[in-house]
Amino acid sequence: MPSQSKKLPATKRQFCTFHLAGHYFGVDILDVKEIIDEVTLTKIHHAPTEIMGFVNIRGHVHLVLDLRLLLNFSSKSVDESSRVLLFHPKVGESFGVMVDQIGHMVEVEENLIEYRLSDDSASALGRDYRKANLEKGVCKLQNKLLIILDASTFLNAVDFKR
Amino acid sequence: MNRSGIALKIILFSSGIVLFLMIIGCYMIIQYEVSVLNDMTDSKIAQTENESRVNFFREKKRFAAQIQSQLENIILIMKSFDIIYEQTFNSQIQMLLTQPMIMAASFCNQEEQSFIVSWKENNTIHVASQFPKDVNLDSFHIIKKQTGLLSISWVTVYYSTRLIEKEILAVKEIKIEELLQTRSDIYEQLKGVLLTQAFGTLIIIAVLCVSLMILLKIFVLDPVNELIEVSNQLKKLDLSVDIRTKFYSHELNELLQGLGKVLNGFRNIISDVQDNATLLSKSADDMTGIAEQLTNHSVDAESQSNNVAEASIQISGNIHAIAGSVELISENVQSVSMTSEYLFQNINSVANAIEELSSSLSHVGERAKKGTQIAEQAVILAQKAGETMNQLRHAANEIGGVSEFIQRIAHKTNILSLNATIEAASAGSAGRGFSVVAGAIQEFAEQSSRAAKDITNRIAGVQKGTSELENAFADVSEIIKEMNLSSESISYAVIEQTKAVQEIANNALEADERARNITFAIEDLSKTANNAAENTTQVALGANDVSSRIQSVSQTISFNRQISHQINEAAIVLTHLSGNLKDMVDPFKVRSDKQSVKNNESETLRKEKK
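Protein sequences appear in the order of chains L and D.
Per our numbering, the first sequence starts with residue 108, numbered consecutively.
Per our numbering, the second sequence starts with residue 2, numbered consecutively.
One or more hints might be untrue.
In silico lysine to any residue, SDA-like type, Cα no more than 25 Å apart, as pairs [to be verified]:
#, chain 1, residue 1, chain 2, residue 2
1, D, Lys413, L, Asn250
2, D, Lys218, D, Glu230
3, L, Lys183, D, Ile416
4, D, Lys413, L, Ile164
5, D, Lys121, D, Val55
6, L, Lys197, D, Glu230
7, L, Lys197, D, Ile416
8, D, Lys413, L, Leu219
9, D, Lys413, L, Asn240
10, D, Lys413, L, Gln121
11, L, Lys119, D, Ile416
12, D, Lys236, D, Ile204
13, D, Lys413, L, Glu145
14, D, Lys413, L, Ile143
Hints listed in this document are in silico derivations from the structure and should not be mistaken for laboratory results.
Please read all numbers here as calculations on a predicted model, not as lab measurements.
Please put together the full structure from these sequences, using the hints given.
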């Protein structure tokens, strides 16, 4: 479901960046609705481990996912620098992800982004499949690489066993 | 056993000897009798043998005579016949041969040629004209006779005496056998006789011994026992013995009576001696006591006089010493007066020095007081500084809180700017300007956050410094307190010293005065000492005189003591002698037991008195 701006001939794109387990990730800024600090999580019992709980933002209830577990890192407790990224309803049902530390808003040229070739063959299975779908591409910055994630695939990656 | 020893020994010994002699005598008698018997039998045997020999010869002769007569008879018979027939010869010769002893016979003619012979062979009579050559006639006796007849001139008879011999031998053996038989019979009977003899003698000896013992006991042993008892008591020096004199033996009775008389005399003498010795020892004891008392008194007197003499000697010696020391004193006093002048001068200089010391000490005291005051001020200042430091720390803490607040605001601002950027991006190109503003705000937020961090770090440094400073101030104030304490003690000590020095100064002044007084007094003293020295010399002379007189007294007393000691010795010797006498006499027991007990009691009483 590509957004309209992507299709514009605009040569620049903006990403909302964040740090997760020492890596530098980014999502399209148009998918992000809001950044929240000071979260109070409400645990959901019998839910998959990737779902951390509900959060109440100004009367609306949002689901919070653990992006570390989705990306196959080990889980980490919430601390001072932890933030929640809430996404637009258009991306999926109202939900957000927990990140270790929020970064800057980055604006990059379109040509610096190298998209990952979508490989729809059935050989990609299990965790590889999940991870492969989460990553969209890589953006070359001045002295480091920015891994671009696709927010619309996050909910699908949750392993609902029931 | 001991008492009846002699008699028993005599009896046993004598009976033993008798027994021994008896046995020997019996043995000898037996021997003698046996030998006599043997001799008798032997002589009898010899006699029978002789008789048999004599008989043998007689028989032989008788037999030869018988044969002769027979032969003469035969010749007579022959002569009576005119004509002699051969049968006649035969019958005659056979008649001859019928006699058992005649073994052969022969008739010979004039030419001594036998014409008829007869001989016995195996109890058969053979008749022939001549003897065959195998007949041996040499062992037989021969009787040859001339007849005077023409036809028969010679008759020869051969006979043997063996039969006679045999007979006689048989008779002899029978006799000898009879003799031996009788001898053995006599032996048997003799044995019985000897046994009875031995028993009889033994019984006789036993009876003899018993009677001997009884007699010995009656006649010898009883008096001897009495004698032994008496001698035993005499051995214990017991003279109170009763001697019995009624015995069966007259000689011993006389002996005992004589002994009794001697004992009586001796007893009387000894009892007299004992009484005298008791009296003597009593008087000697008294004398010894008196002499001892005398000696004791004289010893006491001598010791006391000696003591007095020694004391007087000591006194005179002491007085001499006093005189010497008084002279020394007077000399010393002079030197003391000189020394006291020096002392006086020294004390003056000491007093001056002490006054100077006191003034300098008071100066020191003032300085110490000032030091104390300064220290107190320093303490107060240090306390004030500590309080200031505390305030400073509080302020720093507050600043820390403010900087945290600023940081939080910066975070919030950052998030706000991020959200603003997101909103601007969603607004698209219309929000581009707003996006720039949001970026500026973000930058601002970051800067403020960094500044707040910086402030926090610095304040932490300030806090550390203040805490160190506080500790240092605390140390300083403690040191100052110590200083204060020590300066206080210094000032106190200085005050005390000042007081002491003032006292010393006072004392020195007083000493000054006293020294002056001493100088005067010592001059007086030296004068008095000189006088005393003269006086003591005189006293010493007097004391010497006294001591010499006392010594002469003491000598006289010691002479007295020697005399009394001699008396005492003499008395002791007397006592000793009387004791010896008593000891010598005491063992003799004069009275019977009850009396002697009384005696002993009196003796013991006397010893206790001793």
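Under the constraints set out in the numbered hints, which ones does this structure not fulfil? 1, 5, 6, 8, 9, 12
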